[in-house]
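The residues making up each chain are set out below.
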Amino acid sequence: MSESIQPDVTVDSRGATCPGPLMDLIGKVKKLEPGTVVELLTTDSSSSHDVPEWVDKAGHETLDVVEHEDEGYWSVFIETTK
Amino acid sequence: MTGYAIVLESARLERLQAVGNIAAIAAASEVPVDIFATMGGLEAFDKERIASMDYEMGEVGQAMMQAEGMEMAMFYENIAQAKELGPLSVYACELSMDMLGKTLDDYHEVFDDVLGVSGFLSHAEDKQVIFV
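Protein chains in written order, with the working numbering: chain A, 1 to 82; chain B, 1001 to 1132.
Possibly wrong hints are sitting among the right ones.
To be verified - Reference excerpt, derived from the structure (chain A facing chain B, CB under 10 Å, subset only):
{"hint": "1", "residue": "Ser13"}
{"hint": "2", "residue": "Gly15"}
{"hint": "3", "residue": "Ala16"}
{"hint": "4", "residue": "Thr17"}
{"hint": "5", "residue": "Pro19"}
{"hint": "6", "residue": "Leu22"}
{"hint": "7", "residue": "Asp24"}
{"hint": "8", "residue": "Gly35"}
{"hint": "9", "residue": "Pro52"}
{"hint": "10", "residue": "Lys57"}
{"hint": "11", "residue": "Tyr73"}
Just so you know, these hints were derived from the structure itself, not from any lab.
Just so it is clear, CB atoms sit at the ideal spot from N, CA and C, and this is done for glycine as well.
Modelling step: build the complete structure from the supplied sequences, incorporating the hints.
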């Protein structure tokens, strides 16, 4: 699925520890229009689980979480709904 | 219950980081948070203390300090960032400041105001109180 996802916005939080990636994502999402697809890049394994938790609770949609094992990071794709 | 009122007394790094992280994400998620920094928790925000990174810490804190290739935001940085994203207020304990003869200028700029106990309790009356 992720190969077909073309993000409108990319948030690169690689290197930041929890909760940095989520803070970066929230800061960005608050400024975006509904229907925007965002790709969050994170090297923090806990964020790869925790970010989708927040996304769902906040009422947005998690589209996919892809691990780039060789490069040591994850892509979390979300779509804003409000 | 409409949010959290955190009484931060500890100057231990792990507790400070935990409070900073949880308060930041809650506030960024539009959950109101008040932090009342008192006693040791207030002194953790002293500018000289921050500059010297003189904090009591255990294993996790030491690992955090020694981690390489990671950008780890400190508790005051997460709090400062969260204040721009949601309803997070930070108050300094008046008694603690009076005892040490300090003013807000001696502390990191995250603070909104100085409060006594009654003032804090007014802020906390509709919130879940957490003591750290």
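Outcome of the hint check:
1. With its C-beta approaching chain B no nearer than about 9 Å, Ser13 of chain A sits inside the 10 Å limit, and its interface hint holds.
2. Interface hint at Gly15 of chain A: satisfied, since its Cβ lies 5 Å from the closest Cβ of chain B, which is below the 10 Å cut-off.
3. Evaluation of the Ala16 of chain A hint against chain B yields a held restraint, the C-beta minimum of about 5 Å falling below 10 Å.
4. The beta carbon of Thr17 of chain A comes within 5 Å of a beta carbon in chain B, closer than 10 Å, and the hint placing it at the interface holds.
5. Here the hint on Pro19 of chain A is kept, as its CB sits about 5 Å from the closest CB of chain B, short of 10 Å.
6. Taken as an interface hint, Leu22 of chain A checks out: its beta carbon lies about 6 Å from the nearest beta carbon of chain B, inside 10 Å.
7. Taken as an interface hint, Asp24 of chain A checks out: its beta carbon lies about 9 Å from the nearest beta carbon of chain B, inside 10 Å.
8. A distance limit of 10 Å between C-beta atoms decides the matter here; for Gly35 of chain A the minimum to chain B is near 20 Å, and the interface restraint is violated.
9. Because the beta carbon of Pro52 of chain A sits about 14 Å from the nearest beta carbon in chain B, more than 10 Å, this interface hint is broken.
10. At a threshold of 10 Å, the smallest CB-CB gap from Lys57 of chain A to chain B is about 7 Å, leaving the interface hint in force.
11. Proximity of Tyr73 of chain A to chain B is violated relative to the hint, the smallest CB-CB distance being about 12 Å (cut-off 10 Å).
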